[in-house]
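Let's have the full structure, built from the sequences with the hints guiding it.
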Amino acid sequence: MSTGLAGLVVMSIPSPAEGTWYLGPVPLRGYAFAIILGIVVAVWLSERRWVARGGTPGDIQDLAIWGVPFGLVGGRLYHVATDSSRYFGEGNDPITALYVWRGGLGVWGAIALGAVGVIIGARRKGIKLLPVLDAIAPTVLVAQAIGRWGNWFNQELFGKPTDLPWALEIDPVHRPSGYLDQATFHPTFLYECLWSLAAFALVVWLDRRFRLGHGRVAALYVMAYTLGRGWIEMLRIDDVELADVGGLRFNVWTSIVLFVAAAAYFVWSARRHPGREESVYTDGRDLDDVRDDVVR
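Counting in this note's numbering, the final residue of the sequence shown is number 345, and the numbers go up one at a time with none missing.
These are calculated hints, taken from the structure and not from any lab test.
A hint or two may mislead.
Here are the computed lysine to any residue pairs in the SDA-like style, where the Cα-Cα straight-line distance is at most 25 Å [to be verified]:
id, residue 1, residue 2
1, K177, E326
2, K177, H322
3, K177, S328
4, K209, G296
5, K177, G296
6, K177, V90
7, K209, E290
8, K177, W317
9, K209, S134
10, K209, S226
11, K209, A292
12, K209, R135
13, K209, R151
14, K174, R97
15, K174, T331
16, K209, W280
17, K177, A164
18, K209, L291
19, K209, Y240
20, K177, G227
21, K177, L154
22, K209, A313
23, K177, A313
24, K209, S133
In structure tokens:
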């Protein structure tokens with residue numbers, strides 16, 4: 050909460066005074082903690098969903114060895130590619146493109162390259178790709194919900210000025226040019242966190258209710274996330290290189306295109322492959338075989 054005109058107390062969400070703490074010489078960064086915690090929770094949830102789907106315990110952890118590093122690299126590459134002016138050109142130091150702890154992981158790059166890592170791991174273990182993507186996809190929403198709190202620690206990626214009771218206080222040093230006289234802004238990190246958690250609950254419920262398969266859970270994840278990301282992105286005022294592409298920010302267009310593509314795939318898959326896969330392994334192992342292996 051902050052103090053407004055005439056000493057009135059205005060309700061708002063405070064931002065952390067510091068996003069980094071030190072344990073001796075070792076820096077502990079809130080942004081990194083949020084990302085790591087999101088990954089850990091997502092892997093745990095994915096493991097539970099995978100076993101319920103007919104997979105072997107431990108498979109998801111093995112896939113994470115491939116998917117997580119690929120995803121982090123992909124997220125950074127996407128961010129740097131779409132905001133290259135921050136790192137290259139006159140007055141910039143290209144080495145800062147490697148400073149991940151300052152923030153800057155593009156969701157779509159992380160998902161795209163993370164999926165490549167999962168594909169590699171799945172092929173090595175004889176796992177069918179679509180069932181494992183269906184198991185993992187909803188849990189990515191939880192990872193995104195937790196990871197967004199890293200933006201809170203860094204005081205970044207907030208929205209337009211607002212005086213709503215849940216407005217976010219931002220220190221002057223973190224305010225974009227043109228907004229230095231504004232103190233509170235839309236907490237888009239919180240909006241995306243809540244949206245992602247609600248989308249997770251919806252996708253998991255639909256999966257259980259209709260026993261979805263053949264990549265349709267993953268398609269639902271894309272539709273649910275992009276639907277929220279589109280309007281949340283419209284609230285943001287951070288300086289981005291592609292802020293006006295045909296009247297919209299580049300990430301808004303990305304959300305629109307991916308939503309349409311995911312919806313089209315969902316309809317096509319439901320008509321072409323109704324129901325759910327009987328086996329999640331390429332060698333035809335089913336749930337009883339997996340249980341026997343575990344018992345042995």
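Inset, instruction - Would you pick out the hints that fail for this structure and give their numbers low to high? - result: 5, 20, 21, 22
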